[in-house]
Amino acid sequence: MTKSYELCALFAGTATPMEIDEMAKQVEALITASGAEIKFSHNLGRKKLAYKIAGNTHGEYRSWLFTADTANIPSLNAKLRLANFVARHLITQIEEKTIAKRVQKAAEARLPKRAIAEEPVVEAEVKEVEIKSPAFEPTEAPRVVEPEIPARPVKEKTKASLEDLDKKLDEILENDTI
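Residue numbers (UniProt numbering): 1 to 178.
FYI, nobody ran anything at the bench for these hints, they're computed from the structure. Ideal Cβ placement from N, Cα and C applies to all residues, glycine included. It is possible that part of the hints are untrue.
Derived DEER-like restraints, expressed as beta-carbon distance ranges [as the list claims (entries may be wrong)]: (1) 172 to 46: 18 to 26 Å; (2) 175 to 51: 37 to 45 Å; (3) 1 to 107: 23 to 31 Å; (4) 3 to 49: 27 to 35 Å; (5) 169 to 18: 19 to 27 Å; (6) 32 to 93: 16 to 24 Å; (7) 74 to 104: 35 to 43 Å; (8) 26 to 49: 20 to 28 Å.
Straight-line alpha carbon distances no greater than 30 Å define the calculated DSSO-like cross-link-like pairs of lysine-lysine that follow [to be verified]: (9) 105 to 48; (10) 3 to 97; (11) 105 to 157; (12) 101 to 25; (13) 97 to 39; (14) 3 to 52; (15) 25 to 52.
I would like the entire structure built from these sequences, with the hints used as guidance.
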């Protein structure tokens with residue numbers, strides 16, 4: 001049975017853009033070799049990782065939307081796990097109707113944000129109206145008296161010299177008990 005899938009792969013951040021493109025072509029070859037049809041691929045860009053992976057603090061993310069037979073997905077997953085150029089990968093099953101939406105979202109992500117949301121701004125006319133009321137006269141707000149809280153006595157802090165600290169440390173280290 002053919003279903004829709006998304007593959008997100010993470011490549012090492014130390015690789016050059018040309019090397020990453022070559023690795024992406026190798027992943028595409030693995031996908032097509034497993035009998036899948038790639039519908040769309042997207043470069044998600046370079047991102048900072050939450051934790052180090054193989055000594056890398058940054059990684060390059062790529063995503064592919066494809067359709068494949070469900071029986072071929074475990075073998076594709078195993079091949080990606082053994083590929084030393086893929087740091088991490090994740091294959092998820094998605095609904096067929098979401099592929100078009102995801103492709104549109106990815107295409108919009110490539111456009112500048114102003115091009116997506118360019119709608120004419122209509123400015124409304126605003127008239128200032130002064131309201132006068134003879135019955136309203138501002139009065140002084142009532143004063144609130146807060147009770148006095150006695151201040152705490154402040155301890156004087158004395159700075160210890162380095163010699164005093166060294167002596168104290170030696171005393172602690174000489175004692176067998178802690």
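Hint-by-hint comparison with the structure:
1. 172 to 46: 18 to 26 Å: At 50 Å between Cβs, range violated.
2. 175 to 51: 37 to 45 Å: Distance hint for residue 175, residue 51 holds at roughly 41 Å.
3. 1 to 107: 23 to 31 Å: Once the Cβ atoms are compared, 29 Å apart, the range 23 to 31 Å for residue 107 and residue 1 holds.
4. 3 to 49: 27 to 35 Å: holds (30 Å)
5. 169 to 18: 19 to 27 Å: violated (56 Å)
6. 32 to 93: 16 to 24 Å: holds (19 Å)
7. 74 to 104: 35 to 43 Å: violated (30 Å)
8. 26 to 49: 20 to 28 Å: Distance hint for residue 26, residue 49 holds at roughly 21 Å.
9. 105 to 48: holds (22 Å)
10. 3 to 97: holds (11 Å)
11. 105 to 157: violated (61 Å)
12. 101 to 25: holds (24 Å)
13. 97 to 39: holds (13 Å)
14. 3 to 52: violated (34 Å)
15. 25 to 52: Holds - the C-alpha atoms of residue 52 and residue 25 are around 25 Å apart, at most 30 Å.
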